[in-house]
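**Q** Sequence:
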Amino acid sequence: MILSNVIIKLRNKNFIIMSSCLFLYSLNQLFFKNIDINLLNEFFNSYFNDLLSTPLYFSYLNFLLSFVKKEIIGLKNLLIITVICSFLAEYLAIFIRPNSVSDPLDVLCYFIGTFIYWGIIKFLKE
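Residue numbers (the numbering used here): -8 to 117.
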């Protein structure tokens, strides 16, 4: 029963993280990308969505896993998944989509997003 309550709370937290990421993504598409300050404009056009992608991915993944009473929240596991997804998104995609470009700053954003997700989950779990 206690484990069940913990899983339900984690499911709710992941739903909130997922919803927040989607809300921030929407704000970025509608407003942030139109900011007329060069450095901010470049950040919101090039990197903000990458920063949101891993918290969105992990919150969605853990939201689904919560229905079978599983979770992936350990930092080591999150980092391993981030390495694999970064490789697929930034380096393998070049062969699948010839117009795509690999950007190491995108990878940095994926890892920062992973640490943000891990920090939020760790903070909310205590």
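Do not rely on the hints blindly, as some may be mistaken.
Here are the simulated DSBU-like cross-link-like pairs (lysine-lysine), alpha carbons at most 30 angstroms apart as the crow flies [claimed, not checked]:
(1) Lys116 with Lys24
(2) Lys116 with Lys60
(3) Lys61 with Lys4
(4) Lys0 with Lys61
(5) Lys116 with Lys61
(6) Lys24 with Lys67
(7) Lys60 with Lys113
(8) Lys67 with Lys4
(9) Lys4 with Lys113
(10) Lys24 with Lys61
(11) Lys0 with Lys113
(12) Lys113 with Lys67
(13) Lys60 with Lys24
Read the hints as simulated data drawn from the structure, not as lab findings.
**Q** Hint by hint, note whether the structure agrees.
**A** Evaluation of the provided hints:
no.	hint	result
1	Lys116 with Lys24	violated, 33 angstroms
2	Lys116 with Lys60	holds, 16 angstroms
3	Lys61 with Lys4	holds, 14 angstroms
4	Lys0 with Lys61	holds, 13 angstroms
5	Lys116 with Lys61	holds, 15 angstroms
6	Lys24 with Lys67	violated, 33 angstroms
7	Lys60 with Lys113	holds, 18 angstroms
8	Lys67 with Lys4	holds, 20 angstroms
9	Lys4 with Lys113	holds, 11 angstroms
10	Lys24 with Lys61	violated, 37 angstroms
11	Lys0 with Lys113	holds, 13 angstroms
12	Lys113 with Lys67	holds, 13 angstroms
13	Lys60 with Lys24	violated, 38 angstroms
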